[in-house]
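If you read the protein sequences in the order shown, they are chains A, B and C. Residue numbering for the first sequence follows the working numbering, starting at 1 and increasing by one per position. Residue numbering for the second sequence follows the working numbering, starting at 1 and increasing by one per position. Residue numbering for the third sequence follows the working numbering, starting at 1 and increasing by one per position.
Hint data in this document are derived by calculation from the structure and do not stem from the laboratory. Each residue gets a CB set at the ideal place from its N, CA and C atoms; glycine is no exception. Please note: incorrect hints may appear among the correct ones.
[What the hints assert, rightly or not] Below, in silico cross-link-like pairs of lysine-lysine (DSSO-like), each with a Cα-Cα straight-line distance of 30 Å or less:
id	chain 1	residue 1	chain 2	residue 2
1	B	109	A	8
2	B	6	A	31
3	B	316	C	138
4	A	73	C	138
5	A	206	B	125
6	C	138	C	9
7	B	125	A	210
8	A	290	B	6
9	B	116	A	7
[Stated by the list, open to error] Okay, the calculated bits of chain A under chain B, using three or more residues with CB under 8 Å as the criterion:
id	segment
10	43-57
11	99-113
12	314-326
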Amino acid sequence: MGNKKIKKDQLNTLFNELSKDCSVLVPTRSKGYIGFDLWDENNGDFIGWYKNTTIPLKANFFPKVEDMFRFNKGEGGYEIKEILPEEESQIIFGVRPCDARALKIIGTLFADTYKDPYFLKRRENAILIGLGCNEPCDTCFCASMGASPGESQDVDLLCTDMGDELLFETVSKKGEDLLSNMRGLSDSSDGDSSKAKELREAANNKIQRKIDTSNLKEKMRANFENREYWENVSMKCMSCGICTYVCPTCHCFDIHDENNKKDGLRVRNWDSCKFPLFTRMPMENPRHEKWRRVRQRYHHKFEYYDMNFGVIACTGCGRCIRECPVNVDVTQIITGIQSL
Amino acid sequence: MENRLKEEAGKLLKEGKVDYIVGYGKGSVKFRTSPLITNKEEELENLVINPFIANNLSRYPIELKARVGIVVKGCDSRSLISLIQDKKVNREDVVILGVPCEGVVDIKKIEKHIGKDIDQIEEIKREGENLTIQANGSNQTLSFKDAIFDKCLGCEYPTPLEYDVLLGTEISPKPDMEKSLMRIKELENMDATDRWSYWREEFSKCIRCYGCKNVCPACFCERCFIDVNIPQWVNTYATWQDNLVFQLIRTLHVAGRCSDCGECERACPVGIPLRSLQRKMVEEVKDLFDYEAGVDKDALPVFTHYEDTDPEEFIK
Amino acid sequence: MEETKWEPKVVGFLCHWCSYAGADLSGSARLEYPHNIRIIRIPCSGRVDPMFILRALQNGVDGVIVSGCHPGDCHYQSGNFHARRKFAVIRRLLDYVGIEPERVQFSWVAASEGPKMAQVINEFVEGVRKVGPNRLFKDERRDGE
Chain A
1 MGNKKIKKDQ
11 LNTLFNELSK
21 DCSVLVPTRS
31 KGYIGFDLWD
41 ENNGDFIGWY
51 KNTTIPLKAN
61 FFPKVEDMFR
71 FNKGEGGYEI
81 KEILPEEESQ
91 IIFGVRPCDA
101 RALKIIGTLF
111 ADTYKDPYFL
121 KRRENAILIG
131 LGCNEPCDTC
141 FCASMGASPG
151 ESQDVDLLCT
161 DMGDELLFET
171 VSKKGEDLLS
181 NMRGLSDSSD
191 GDSSKAKELR
201 EAANNKIQRK
211 IDTSNLKEKM
221 RANFENREYW
231 ENVSMKCMSC
241 GICTYVCPTC
251 HCFDIHDENN
261 KKDGLRVRNW
271 DSCKFPLFTR
281 MPMENPRHEK
291 WRRVRQRYHH
301 KFEYYDMNFG
311 VIACTGCGRC
321 IRECPVNVDV
331 TQIITGIQSL
Chain B
1 MENRLKEEAG
11 KLLKEGKVDY
21 IVGYGKGSVK
31 FRTSPLITNK
41 EEELENLVIN
51 PFIANNLSRY
61 PIELKARVGI
71 VVKGCDSRSL
81 ISLIQDKKVN
91 REDVVILGVP
101 CEGVVDIKKI
111 EKHIGKDIDQ
121 IEEIKREGEN
131 LTIQANGSNQ
141 TLSFKDAIFD
151 KCLGCEYPTP
161 LEYDVLLGTE
171 ISPKPDMEKS
181 LMRIKELENM
191 DATDRWSYWR
201 EEFSKCIRCY
211 GCKNVCPACF
221 CERCFIDVNI
231 PQWVNTYATW
241 QDNLVFQLIR
251 TLHVAGRCSD
261 CGECERACPV
271 GIPLRSLQRK
281 MVEEVKDLFD
291 YEAGVDKDAL
301 PVFTHYEDTD
311 PEEFIK
Chain C
1 MEETKWEPKV
11 VGFLCHWCSY
21 AGADLSGSAR
31 LEYPHNIRII
41 RIPCSGRVDP
51 MFILRALQNG
61 VDGVIVSGCH
71 PGDCHYQSGN
81 FHARRKFAVI
91 RRLLDYVGIE
101 PERVQFSWVA
111 ASEGPKMAQV
121 INEFVEGVRK
131 VGPNRLFKDE
141 RRDGE
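Bound conformation, chain A alone (with noise of 0.2 Å):
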């Protein structure tokens, strides 16, 4: 099936179709800060701003705070009963390719030898469409990390931004199904086309920073040792988890039991490897030194992640440079270890 367009104008009227049949979650920054909600006719505006979200992607599938299930104890031992997320399909709209990576990144964890219903199933129901980046961000490095700016193949639909209009591209199937089903697009020609790849390009030369993978795993692995290093890197670090939570590939969570006598919910949500609880035991805490800490997250993005599933868990999204209070630099840190 061939590409198609549409008149941004006509946006609008596209959501509020779409938006009939399922929700329509789109970039919005009423709050205070960006990130996907819901669609209506106010918050459409998007396109003339958007860069990316504050929080990332993973939030929509893998949230702050979820209930588990409840449970109850009764007379013949304890009653479980699941809480799963709402059967409902949503299409995200906006998603950066360096999200949709992410995703697809957490993705292979969370269908693991332990597969995850949560994640899953909101997975399962959503629909991204993915917005090429025209206009990289000072912090992006996706361009080192196997992505580029205008590019995804995570996503079910790609968008450029082509000025006037938007070009979709079908990359999945369930894509495919969406856009058959979408009105008031128009076919797209072939210049359409190479207009798209050119801005692609153009996007891809935009990012400044960069830093070198190759033989990255043997190099960290070679300096897990090297305290110097990372006492100095970690000098300034505050102990927050603003990077591991806005993070799209941070995955980790804590589990907790709310009880209340018999009844009881079980909670989980987000956990930092930046917390100095976070390996807290009752004897001791392997990392109780801040560098130790630091080390732990480059560590496990780099090294084991990619050791555990052949791809390493950042994809260059920049939102840790941004965000950070102290500006802790990632690509900084890598370029150091580089460079031992």
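Fit chains B and C to the supplied structure of chain A, relying on the hints for placement.
Chains B and C only, in chain A's frame:
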């Protein structure tokens, strides 16, 4: 100022008067600086002083447990003095390099004023009372006062209150309280129920990254109540109730220590107006006990002593 | 089914040396105070951390009363003086965020003041009754309604 700083910092390290210099270095992002902590003389070349030195560095001496030469602005000096009052930092262990400060530029305000984002801004230049901002090749002028943090607008102590070396000349304060406290006044004029819904909305955004607590120089407990799980005072997961209760408790714990440095609000990735809580408490502590945090290193911290005449008309 | 009338449920943090003994005295003197209060004995009003009050409200009580010795009578010399400073800011902050002032009260009651204790609790519970059930922390998602 910058050269003088490098010179003084170099002297301190060379003469062995301090183990570390804590100052500002160039950031890896446009229009930002980053804390520079070093014991190497050659790295002092990277020290900077400019209108983007937002961080409050006074937390570092607690952690470094060493003699530190530290760069402070007016508000930071109050945090540091407050830490000295609380005996978390020894005055003898710090050499204070004071920077008189006219205000720190809030890049988000500039983005809003000129309607362009940080990536489009190429240069920000200070020219007297104005900033010239070059974005997408064209220039725009903005009053310096419109581009600095709210907390800076109401700054009463632009010159550090305690220093060993003052880099530059004293600045006389020109606080514009009305502007600086505008948001707090707006909240005060709302109905109690609306205020509650306002905070409820704001705290439903909270992701519990603890950025606010970890950048705060007044949050110096070795173990925060939030990290205590026997008993679990506040749930660690991010429901709006727990988020709000956590922040209210934190606000009360730092009341009387908060110097309105605004770091909590600046750090918050989801934009919760935390300063509206903290600064309100600064006002209340002043009103109730005629006390300001960190203006006198020999004064007793406000909640470690009392007066017979303390207000108690609310006690029945 | 018979409709049950809402009754306020309040928590009292009473200091061991004065107010708790005061409450005890009012009991032994057969003075009546409402059963709406659940008393928690604390060593000193200075022990009260703002989190006691906030957690109690979060967990759904309709009011919190903190009571200690009169200034000058503290068993530990100055516990209540320190507490007084804390209470003043706690009150101001709770007002500011929109918690009804009637829900949180501080008072000084001595061990000999049995009648005063009963009166203070009575008045407090009536005040709470007027502002109604504490729905501040209700969550539609978890608690229904």
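Here's how the hints hold up against the structure:
1. B:109 / A:8: Distance ~29 Å between residue 109 (chain B) and residue 8 (chain A) Cα, so the pair holds.
2. B:6 / A:31: Given pair residue 6 (chain B), residue 31 (chain A) is violated - Cα atoms ~42 Å apart, limit 30 Å.
3. B:316 / C:138: holds, 29 Å
4. A:73 / C:138: Holds, because 25 Å separates the two Cα atoms, which is no more than 30 Å.
5. A:206 / B:125: holds, 25 Å
6. C:138 / C:9: Judged against 30 Å, a Cα distance of about 15 Å means the pair holds.
7. B:125 / A:210: holds, 28 Å
8. A:290 / B:6: holds, 28 Å
9. B:116 / A:7: Holds, at about 24 Å.
10. 43-57: holds (count 4)
11. 99-113: Since three or more residues must qualify, the claim that chain B covers the segment 99-113 of chain A is violated, with 0 doing so at under 8 Å.
12. 314-326: holds (count 5)
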